[in-house]
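Spelled out, the chains give:
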Amino acid sequence: MDCMETRTLLGSYLDRELDRKSVIAVGRHLDGCGECKRMFDLHSSITSAIRKRATYHPASASLANRIRAQIAQAAIRPENSRPPRVTRPLWNRWLQLGSAVAAAVIITSIATTQLASNSGNQMIAEQIINGHSRAILTSHQIDVASSDQHTVKPWLSSKLDFSPTVADLTTAGFPLRGGRLDYVDNRPVAVLVYGHRQHVIDLFIWPDDGVTDRSRTRSFSKRGLNVLHWSAAGMTHWAVSDLNSADLETFAERYASSK
Amino acid sequence: MAHLNAAHNFAYWLARDPRNAEDIVQEACLRAYKFIDSFDGENGRAWLLAIVRNTFYTWLEKTRADRSSIEFDEHALAAHGYDMKILEYDESYSIDRSLQQEESRRWVDRALSQLPDDFREVIVLRELEELSYKDISTIAGIPVGTVMSRLSRARKLLLQHLKATQEL
Ligand SMILES: [Zn+2]
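Here the protein sequences line up with chains A and B, keeping their order. If you're matching positions, the first sequence starts at 1 in this note's numbering and goes up one per residue. If you're matching positions, the second sequence starts at 1 in this note's numbering and goes up one per residue.
Simulated from the structure, these hints should not be mistaken for lab results. Each hint should be verified, as a subset may be incorrect.
Claimed, not checked - Covered by chain A, per the in silico footprint, the following chain B stretches (three or more residues, Cβ under 8 Å):
(1) 5 to 13
(2) 19 to 27
(3) 106 to 119
(4) 125 to 132
(5) 149 to 161
What the hints assert, rightly or not - One-sided and incomplete, this derived list gives chain A residues near chain B with beta-carbon spacing under 10 Å:
(6) E5
(7) T8
(8) I46
(9) S62
(10) I71
(11) A74
(12) S133
(13) L137
(14) H140
(15) R177
Virtual Cβ for every residue (Gly too), placed ideally from N, Cα, C.
Looking at chain A on its own, in the form it has when it is part of the complex:
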């Protein structure tokens, strides 16, 4: 490898972005060439200077609070948070990102189309998975944090026009962490948040509208998440988690038999 080629690859060598063969070739050249070694040292010193000395600007607590409030607002009243109709430039920009984000949109659309092939349940499964991902990603998972069912239940009942069953499943290995409101199938719903080891389970509950298929438990999985759906006592239940499907089924059985 000559000096010119080495200089071109110096940055990638420094950033450990080269394949093994090139790493060896660049390393060999640097061992025998003082000029290139000096350039490498300069690049590596500027890298460590930026890493050590540049100011990192974390978000302030007040910004974090404003964003949480804003997202909570959007979660409760999604009709107000929908992008206005004049969003074409925004979407164009979005797609201009090209690459992964646009690809993700397309892949998601394909997955949705395939899922939606047999019933409206799949559309709801999508919303459940989105609700869960959104909560994890924005750390807006819990509106009322409590392991006490007698705190969580009244809080949810006061915000909703129904009263979900809040089961204490601590002895079964699924301690209650709290609850939140979400918005699924065009209506506000209750979400009970349970833990299991390091996993989080979101249990979405709302009154049965009589249309959903109540014959049996259905399961879906997507993006590494498992989803279980069942109806009981006039309520629709959707459990979603990154927990494996067997453990999620155990959770659903324990919840269903707790009443």
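Assemble chain B with the ligand onto chain A, guided by the hints.
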């Protein structure tokens, strides 16, 4: 909130202004919330940073109608006082020595904030977020080869700037 610090740090270094940075992050988080469908579940930080960047450029277009071309060739840089060749011929320069100085943090921050946008964003993503070339390419919407060449030129510009400051 996961990745909020990364989102804010990136917005800060893009906008170089605390208030605008907060506005951009707030808008970006709302967009992330609305467009969660486009999240593939793989790398939440890169996904959110791409939204931050997109929000920043939308904001920039609104606020700066006559944004100059983002093409920075060496002639354009030379016109801004950068000399890409200087470093290659200066045997005596040592950044370690200059960074022993008390004001080194201020120097580094100033050098970083004076980099052209295209170079500043890749440096911030690489050195402050320690993202891979692939993630940076996704966020900035440029090929991996361009990430590589921009990083390399950004480092040269930073060295040149720090050296010039040191001599003042
Ligand atoms: Zn050489």
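Comparing the hints with the structure gives:
no.	hint	verdict
1	5 to 13	holds (count 6)
2	19 to 27	holds (count 4)
3	106 to 119	holds (count 4)
4	125 to 132	holds (count 4)
5	149 to 161	holds (count 5)
6	E5	13 Å, violated
7	T8	8 Å, holds
8	I46	5 Å, holds
9	S62	9 Å, holds
10	I71	5 Å, holds
11	A74	6 Å, holds
12	S133	6 Å, holds
13	L137	5 Å, holds
14	H140	7 Å, holds
15	R177	17 Å, violated
Consistency note: the structure conflicts with the earlier hints numbered 6 and 15.
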